Amino acid sequence: AAGVIQSPRHLIKEKRETATLKCYPIPRHDTVYWYQQGPGQDPQFLISFYEKMQSDKGSIPDRFSAQQFSDYHSELNMSSLELGDSALYFCASSFPSGGTDTQYFGPGTRLTVL
Amino acid sequence: AQKITQTQPGMFVQEKEAVTLDCTYDTSDQSYGLFWYKQPSSGEMIFLIYQGSYDEQNATEGRYSLNFQKARKSANLVISASQLGDSAMYFCAMREGPGYGGSQGNLIFGKGTKLSVKP
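As given, the protein sequences belong to chains A and B, one line each in that order.
Just so we're on the same page, my numbering is the position in the first sequence counted from 1, plus 701.
Just so we're on the same page, my numbering is the position in the second sequence counted from 1, plus 174.
Careful: at least some of the hints might be erroneous.
For the chain A half of the interface with chain B, some residues (derived, Cβ under 10 Å), not all of them [what the hints assert, rightly or not]:
(1) Q745
(2) L747
(3) S787
(4) L789
(5) Y805
Quick look at which bits of chain B chain A covers, simulated, 3 or more residues with Cβ under 8 Å [to be verified]:
(6) 181-190
(7) 279-293
Reference excerpt, derived from the structure (chain A facing chain B, CB under 10 Å, subset only) [stated by the list, open to error]:
(8) E718
(9) A793
(10) F806
No lab work stands behind these hints, which were simulated from the structure alone.
Model, not experiment: these values are computed from the prediction.
Heads up, the beta-carbon is just placed ideally off N, CA and C, and yes, glycines get one too.
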């Protein structure tokens with residue numbers, strides 16, 4: 702079965718640089734979520750999109766922005782990177798069927814800021 | 175505020191034995207969903223099992239079962255016949271709300287329990 706695709710899998714950036722993370726949800730899934738997981742931490746919700754519109758916002762810094770495109774893929778744009786942005790970034794997708802709305806996670810993008 | 179509590183930072187279990195990972199939650203919503211995810215050392219987040227707040231029966235998925243006690247607000251994961259490949263971090267998570275239309279669908283995670291299976 703098709704899974705959530707994230708690219709790149711690994712990314713190394715310098716402080717103050719920008720980064721763009723991409724997410725391709727499972728086909729027919731209409732909701733995309735972004736989570737940030739710091740080292741030894743639990744995932745923290747950043748932002749979500751439903752049918753290409755932003756639906757919920759969590760602890761996403763103002764330096765970050767995201768959008769969902771017409772083909773349902775999503776991009777997380779990160780500017781003025783800081784050392785503390787080093788983390789594993791997950792994208793998850795879901796399709797509200799039967800009310801479970803289970804979120805399936807991609808493999809993550811490991812961002813290292815030097 | 176919504177909260178998930180996992181009180182066991184780490185646990186050991188002998189191969190082929192059963193193990194229970196604890197999870198308690200706090201919410202004022204009547205409609206919510208509870209999930210367990212497995213995160214191996216490789217980092218991916220793997221969905222294991224789901225329990226809805228209105229489900230009357232405990233969820234089961236193969237060797238995984240969820241012991242749902244609504245009055246106690248607990249949703250413990252039971253893994254039967256542990257295997258070496260079960261060694262991983264396990265996260266309990268809660269989704270508040272009905273979970274459709276993209277509304278209030280984000281997950282709140284506990285701190286996780288690191289399970290080690292001994293041969």
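Results for each hint:
The interface hint given for A:Q745 holds, since its Cβ lies 8 Å from the closest Cβ of chain B, which is under the 10 Å cut-off. Interface restraint check for A:L747: the shortest CB-CB distance to chain B comes to about 9 Å, inside 10 Å, so the restraint holds. Interface restraint check: A:S787 against chain B, minimum CB-CB distance 14 Å, threshold 10 Å, status violated. For A:L789, the suggested interface contact is upheld, since its CB lies about 6 Å from the closest CB of chain B, less than 10 Å.
Nearest Cβ of chain B to the Cβ of A:Y805: about 6 Å, under the 10 Å cut. The hint holds. Coverage of the stretch 181-190 of chain B by chain A is violated [criterion: at least 3 residues with CB-CB distance below 8 Å; count 0]. Interface restraint, the stretch 279-293 of chain B with chain A: holds (8 residues with C-beta to C-beta distance below 8 Å; minimum three). Given hint, A:E718 at the interface with chain B, is violated; its Cβ is 23 Å from that chain's nearest Cβ, farther than 10 Å.
With 10 Å as the threshold, the beta carbon of A:A793 comes within range of chain B, its nearest partner Cβ sitting at about 8 Å, so the hint holds. A least Cβ separation of about 4 Å between A:F806 and chain B falls short of the 10 Å threshold, and the interface hint therefore holds.
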